[in-house]
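**Student:** Quick note, the sequence shown lines up with residues 1 to 181 if you use our numbering.
What the hints contain is simulated information worked out from the structure, not anything from laboratory work. Every value quoted in this text rests on a predicted model; they were computed, and no experiment measured them. Glycine residues also receive a C-beta, built at the ideal position from the N, C-alpha and C atoms. There could be a bad hint or two in this list.
As the list claims (entries may be wrong) - Pair ranges (Cβ atoms, derived): (1) S45 - I178: 32 to 42 Å; (2) G90 - A37: 16 to 26 Å; (3) A166 - I52: 36 to 46 Å; (4) T180 - P39: 14 to 24 Å; (5) W68 - P27: 26 to 36 Å; (6) D98 - K71: 37 to 47 Å; (7) G90 - I64: 18 to 28 Å; (8) Q43 - E79: 38 to 48 Å; (9) R75 - A166: 19 to 29 Å; (10) A151 - G115: 33 to 43 Å; (11) S67 - A151: 20 to 30 Å; (12) Q43 - R127: 33 to 43 Å.
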Amino acid sequence: MRSSAGGVHWSLLAVLLLMTLQARAEPPHTLLETLDASPHMQQVSHSSDAVIEHEIGLGAMQKIRGSWRFKGSERVTGERVRYTWQVRDGFTSNEVLDGLEAQLNSEGVLFACEGRSCGQGVQWANRVFGERVLYGRDDLQRYRVYDLADADQSYRLVLFSSARTADRQYLHAELYRIVTP
């Protein structure tokens with residue numbers, strides 16, 4: 001028999017999956033807004049800005065000749081929306097990321113890494129995302145980049161999950177609406 005806590009976890013995941021299923025019929029930004037409205041996600045930061053030739057990592061972080069760089073990357077120009085959430089109520093950032101991934105087209109994955117294969121978590125937190133709270137255990141970090149499309153618009157969705165402790169679980173998302181010159 002399943003414990004009530006386990007049942008609650010799966011109930012929340014089912015709700016999140018249903019919400020993301022509904023969101024996928026909408027533009028990609030709706031997915032982030034749906035997550036932001038979840039009672040189990042506490043917004044830590046949110047911003048939007050225009051980016052020009054912004055580098056998105058398509059490979060692990062590594063130190064090359066004294067400088068931290070991505071093993072692979074692409075540059076995009078467009079509009080960026082960023083969210084960082086703390087995952088609450090006993091859920092893990094990996095559970096939330098798993099729920100999101102179940103709804104996104106796996107053919108759209110441009111890059112994915114887990115744990116130490118991503119590189120050092122402190123580099124992702126500080127250099128890539130500029131969010132100190134994202135620094136956590138290297139073995140629990142996960143990073144994904146998706147290629148998404150909506151009608152005639154192209155997007156990149158960047159997802160990063162990290163965990164410091166059971167109570168300090170974080171999910172970071174960046175959505176880029178790509179503008180072609």
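**Student:** Compare the structure with the hints numbered earlier in the document and write down the numbers of the violated ones, lowest to highest.
**Tutor:** 1, 4, 6, 7, 8, 9, 11 and 12
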